[in-house]
Amino acid sequence: VLLRAFFGGSRSPQSMELDDEQLLATVSGELSQLLGLDAEPLFHRIFRWRRSNPQYDVGHLERVMAIEAVLPRGLLVTGSAYRGVGIPDCVKQGREAAKQAAELIHQPSG
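If you read the sequence shown in the numbering used here, its first letter stands for residue -17, the second for the next number, and so on.
If you're looking for bench data, these hints aren't it; they were derived computationally from the structure. Virtual Cβ for every residue (Gly too), placed ideally from N, Cα, C. Don't take each hint at face value.
Said to hold, decoys possible - Quick list of in silico lysine to any residue cross-link-like pairs, SDA-like style, CA-CA up to 20 Å: (1) K74 <-> S91; (2) K74 <-> L57; (3) K74 <-> L86.
Said to hold, decoys possible - Okay, the calculated beta carbon distance ranges per label pair: (4) P54 <-> D1: 47 to 53 Å; (5) R30 <-> L86: 22 to 28 Å; (6) R27 <-> D71: 18 to 24 Å; (7) D1 <-> L86: 45 to 51 Å; (8) R32 <-> S62: 31 to 37 Å.
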């Protein structure tokens, strides 16, 4: 399994100042907590790109909710374009979409 993690951005610019060992320990700890991982990475690569992660414009969430309001029953959208660009956001969205899909399966149509 390949995992990619992003740190920093306008909300946490100090992450760019961590050395590689500190950054790896932070990422490993957060992924372990989020995903229940207990294995050490077989390899890692750290790239530092300032101002590289997209950030949503003001009003983005309202646009997402407007889109979701007109989707046909059973069509669920999820991913970094909607409610968060980071891995934790995408995991959370994926779990929520799976929960909604399971609920739809058990509801009578109509």
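Provide an ascending list of the numbers of those earlier hints which the structure does not satisfy. 1, 5, 8
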